[in-house]
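**Q** Here's the letter readout for the chains.
2 protein chains.
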Amino acid sequence: MLKNRITLQIPDWVAGFLDPRPAVHPSTEERMRLAIALAGQNIREQTGGPFGAAVFGPAGDLVSVGVNLVLSSGLSVWHAEMVALSLAQEAQGTHDLSSIGAFELVSSCEPCAMCLGAIPWTGIRSLVCGARDADARAVGFDEGAKPAGWPTALQARGIRVLTGILASESRLVLEDYARSGGVIY
Amino acid sequence: MLKNRITLQIPDWVAGFLDPRPAVHPSTEERMRLAIALAGQNIREQTGGPFGAAVFGPAGDLVSVGVNLVLSSGLSVWHAEMVALSLAQEAQGTHDLSSIGAFELVSSCEPCAMCLGAIPWTGIRSLVCGARDADARAVGFDEGAKPAGWPTALQARGIRVLTGILASESRLVLEDYARSGGVIY
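These protein sequence lines are chains A and B, in that order. For any residue, its number in my numbering is found by taking its place in the first sequence, counting from 1, and adding 1. For any residue, its number in my numbering is found by taking its place in the second sequence, counting from 1, and adding 1.
Be careful, since some hints might not be right.
Simulated restraints, written as ranges between beta carbons of each label pair [stated by the list, open to error]: (1) A16(B) to S169(A): 33 to 39 Å; (2) A157(B) to P152(A): 22 to 28 Å; (3) P59(B) to G141(A): 27 to 33 Å; (4) P59(B) to A139(A): 49 to 55 Å; (5) A135(A) to Q156(B): 20 to 26 Å; (6) Y186(A) to Q156(B): 47 to 53 Å; (7) G159(B) to I185(A): 45 to 51 Å; (8) M2(B) to S100(A): 20 to 26 Å; (9) G61(A) to S28(B): 35 to 41 Å.
Calculated directly from the structure, the hints in this document are not laboratory data. Beta carbons are placed, not taken as given, at the ideal position from N, Cα and C, and that holds for glycine.
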């Protein structure tokens, strides 16, 4: 009998982490600060790599969060962005978020080739990134082969792209992880 | 309380579909025939789009299967390839299949940008594709922005790439789906 089921479970610490925080994050910087804090906490809790993400609704309301769970789940699909996007679709009950509003993905680092390819299929309308692709590569992460000029290609699909938001704070999380001897994969 | 869990469940018909079939598929064509049959059955069962995939172990042993479950799950991540790859990792207990052997992904169609980006992170060592990217685009599916020369880039990572295996049979499944008025997304 082949495996026929997979369950993704967000780590228990996330509920307590979110509890004291606001439900609405009006500014881009506040949203990015949440994604970076998730990345940092994911390292401290030893539940995965130094990456955090969140999806926000049209009013800046927090819809879902994600952290990198590759090592703890044993599934390479669960990058922070894929976790947050999938949980947002689960919460909204549709694979096409654009059918119900303008949702935004905020990620502590620019997406790898997989997450970049996944973004158009989710129907999100805005992508906000912290650390640069080069920052992730600098500490040893493989980002994969991305098409040249990918921000322009996303924008041509109607997806707004902002990069380098709180870039130095985002980069610091990656560097802390590498310095602490975290597994690079 | 935000959503904190996702469950992927392979459709019930898959067990009965696999039951009379061999556990080992020695040739590339036999493996592709299975992927194409999964795609066709997925249409007939109305559980998703016209795409099927399977992961095989070093001896041609069937490790996992996948069908496109985007519409039935409401999650855009569940392309056939992502389902098969994730179930293979779940079965083998590691996100890096290369750590235990040379696994092969067989897909009834060339991967979209997301699935292409995901492949290196899984540790598979061989990718076998049926219908061409252009065949999927011809019936209206969006394959996303893939880097030029992607087969060469995968091969440079040590992943063998074979395309156009049983291409006309694979294409037929796509065309049948489009003719039957299947949802294109």
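**Q** Looking back at the numbered hints, which does the structure fail to meet, lowest number first?
**A** Checked against the structure, the hints that fail are numbers 1, 4, 6, 7, 9, while the rest are satisfied.
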